[in-house]
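S.K.: Please take these sequences and the hints and turn them into a complete structure.
For the protein sequence lines, the chains are A and B, in the order given.
In short: position in the first sequence from 1, add 274, done, that's our numbering.
In short: position in the second sequence from 1, add 24, done, that's our numbering.
By construction, these hints were calculated from the structure, which means they are not laboratory data.
Keep in mind that a hint or two might mislead.
Have a look at the derived ranges for each label pair, beta carbon to beta carbon [stated by the list, open to error]:
1. R296/A to L70/B: 48 to 56 angstroms
2. A78/B to K372/A: 34 to 42 angstroms
3. G28/B to V450/A: 15 to 23 angstroms
4. V450/A to Y82/B: 40 to 48 angstroms
5. T462/A to L70/B: 44 to 52 angstroms
6. A78/B to L439/A: 49 to 57 angstroms
7. L255/B to Q374/A: 27 to 35 angstroms
8. E369/A to G98/B: 55 to 63 angstroms
9. F87/B to A376/A: 17 to 25 angstroms
10. Q374/A to L36/B: 30 to 38 angstroms
11. L150/B to R350/A: 39 to 47 angstroms
12. R350/A to P42/B: 46 to 54 angstroms
Covered by chain A, according to a simulated footprint, are these stretches of chain B (three or more residues, beta-carbon under 8 angstroms) [what the hints assert, rightly or not]:
13. 34 to 42
14. 58 to 64
15. 129 to 135
The beta carbon of each residue, even a glycine, is placed where N, CA and C say it ideally should be.
Residue-level listing of the chains:
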Amino acid sequence: MSPGEDDEDMETARRGAALMGRYCDGDAGAFHELYEWLAPRILGYLTGLCTDNATAEDLLQLTFLKLHQARSVYVRGANPVPWIYTIAHRTCLDELRKRQRAKVRLARDPEALPEIPAHVTGTAEAAMTSDAPDAAIAMAMGALASLPHNQRNALLLTKVHGRTLAEAAAITGTTVGAVKLRIHRGYTTLRKALGGRREIETSHE
Amino acid sequence: MSNGSLSRDLALVPTERPAPRPSAALLASVEQPKPVRTRVPLRTLLLVGGAALAYPVYAFSQFPLRADLDALPGWWLAPVALMWLAGFVLPLMLALLPARGHVLPNEGRAGRAALAAAILLTAIGLVTIDAPGRTTLPASSWAGFSHWWWHCISFGLHIVIPALLAGTIALARVMLVGAARLGAAIGAAGGALSGLTLHGLCPIGGALHVTTAHGGAVVLGALLGALVFPLVRWLVGAVPFRR
Numbered sequence: 275m276s277p278g279e280d281d282e283d284m285e286t287a288r289r290g291a292a293l294m295g296r297y298c299d300g301d302a303g304a305f306h307e308l309y310e311w312l313a314p315r316i317l318g319y320l321t322g323l324c325t326d327n328a329t330a331e332d333l334l335q336l337t338f339l340k341l342h343q344a345r346s347v348y349v350r351g352a353n354p355v356p357w358i359y360t361i362a363h364r365t366c367l368d369e370l371r372k373r374q375r376a377k378v379r380l381a382r383d384p385e386a387l388p389e390i391p392a393h394v395t396g397t398a399e400a401a402m403t404s405d406a407p408d409a410a411i412a413m414a415m416g417a418l419a420s421l422p423h424n425q426r427n428a429l430l431l432t433k434v435h436g437r438t439l440a441e442a443a444a445i446t447g448t449t450v451g452a453v454k455l456r457i458h459r460g461y462t463t464l465r466k467a468l469g470g471r472r473e474i475e476t477s478h479e
Numbered sequence: 025m026s027n028g029s030l031s032r033d034l035a036l037v038p039t040e041r042p043a044p045r046p047s048a049a050l051l052a053s054v055e056q057p058k059p060v061r062t063r064v065p066l067r068t069l070l071l072v073g074g075a076a077l078a079y080p081v082y083a084f085s086q087f088p089l090r091a092d093l094d095a096l097p098g099w100w101l102a103p104v105a106l107m108w109l110a111g112f113v114l115p116l117m118l119a120l121l122p123a124r125g126h127v128l129p130n131e132g133r134a135g136r137a138a139l140a141a142a143i144l145l146t147a148i149g150l151v152t153i154d155a156p157g158r159t160t161l162p163a164s165s166w167a168g169f170s171h172w173w174w175h176c177i178s179f180g181l182h183i184v185i186p187a188l189l190a191g192t193i194a195l196a197r198v199m200l201v202g203a204a205r206l207g208a209a210i211g212a213a214g215g216a217l218s219g220l221t222l223h224g225l226c227p228i229g230g231a232l233h234v235t236t237a238h239g240g241a242v243v244l245g246a247l248l249g250a251l252v253f254p255l256v257r258w259l260v261g262a263v264p265f266r267r
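M.R.: In structure tokens form, the structure reads like this:
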């Protein structure tokens, strides 16, 4: 990590600690500042994690609601950013599991009607293909979305959101070694996916 | 395609997305936030440590010291006592005190400390020393062995259970991830404190007894914690949030 990045991290930590301190003292304005500052980043992370824009926006609201409820857990002077990422990560996992259980229940109910496809994918791949000017970004986003959850998560935190290996391990509740392994496996899968796509594009050209 | 070029592609992926305004439910919750007393990890450590220490303090005031204490060599008694003490203090600190500048404790380190405590403190039994003629050895029958085993394990549970209860209360909203590892560390710490207390009180010697009953309390405490804490985390997560 370069000295510039170090200074930036220190500044982020200081700003986060000051805002959380004011918020815990009952300053509603500090919450709004915190939301303005961190919500776009957390939403970016959640979108990458669950690859669905609408769900990510719901989870963002839930994450900040949980942050509000758990603000007494905050330790004064600490950097709240990794903690908020952890809340977002946990909220997303809980929600995905809840949905998985709901699907199983629906499938087991003989009276239940079959689920009608909504014809709205809302995947990160589609969103990024339409908005991103750079084809490389769109391809990277699409390939990321197709990765297994653990590998996507490790790559998102470390390579996209710039978290350290230790922070990524703390956010996902695993070890640094496991994060490294997931990154390695993620790279292998990505290389195959992106390599294949680039070959197809080249042959079309 | 190299990892470097993949990293460059990934670094181009936008990290932010324009966020919607806070929802009505969120705004209603944060409209006039009450000032809260934030967590002081040292206070949590004192609470959980105090809950664990209550029974040993009572035990030392009520029960006599082991009869063979003056016959045992100091070069063995003191280091072993220090190891039991380290087994109590280190996992407890790692499970409850976050690193400087962090909100959450490092559950990975806490889990590794629990594992190390369980292995090392169980192995202590293998280097146990008895004072011939002074140390009581359990009867060689299964009934005699299991009677004293249960005696010391149940003694350990008097320390492990209050520690785990205090830990779940203190960490209910803290353990977002790695609840099992945090629980294992607190349980192992309780078991190690039980081992330290029994090191001074238990009149029963023998490698098998010390390994399975005194060291066993550490393993049992770690397992109990690893089972109970995720359950508590799940229950806390299942409770709907107050609006």
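S.K.: Is the distance from the Cβ of F87/B to the Cβ of A376/A consistent with 17 to 25 angstroms?
M.R.: violated, 55 angstroms
S.K.: Cβ-Cβ distance between A78/B and L439/A: within 49 to 57 angstroms?
M.R.: Hint violated: Cβ distance 40 angstroms, outside 49 to 57 angstroms.
S.K.: Check whether three or more residues of the stretch 34 to 42 of chain B sit with their beta carbon closer than 8 angstroms to a beta carbon of chain A.
M.R.: Since three or more residues must qualify, the claim that chain A covers the stretch 34 to 42 of chain B holds, with 9 doing so at under 8 angstroms.
S.K.: Mind checking the hinted window 34 to 42 angstroms against the Cβ distance between A78/B and K372/A?
M.R.: holds, 39 angstroms
S.K.: Quick one: are G28/B and V450/A within 15 to 23 angstroms, going by C-beta?
M.R.: 21 angstroms Cβ-Cβ, so the 15 to 23 angstroms window holds.
S.K.: Would you say the stretch 129 to 135 of chain B counts as covered by chain A, given the rule of at least 3 residues with C-beta under 8 angstroms?
M.R.: holds (count 3)
S.K.: Is it true that the C-beta distance of T462/A to L70/B lies inside 44 to 52 angstroms, as the hint says?
M.R.: Since T462/A and L70/B have Cβ atoms about 48 angstroms apart, the given range 44 to 52 angstroms holds.
S.K.: Given the hint of 40 to 48 angstroms, check if V450/A and Y82/B actually sit that far apart at their C-beta atoms.
M.R.: holds, 42 angstroms
S.K.: Would you say the C-beta atoms of L255/B and Q374/A sit inside 27 to 35 angstroms of each other?
M.R.: violated, 20 angstroms
S.K.: Three residues minimum, CB to CB under 8 angstroms: does the stretch 58 to 64 of chain B make the cut for coverage by chain A? Let me know.
M.R.: With 7 residues close enough to chain A, the hint holds.
S.K.: Is it true that E369/A and G98/B lie within 55 to 63 angstroms of each other by Cβ?
M.R.: Holds: the Cβ-Cβ distance is about 59 angstroms, inside 55 to 63 angstroms.
S.K.: Take a look at whether the Cβ-Cβ distance between Q374/A and L36/B falls inside 30 to 38 angstroms.
M.R.: holds, 32 angstroms
Hint compliance for this structure: hints 1, 6, 7, 9, 12 are not met, and every other hint is.
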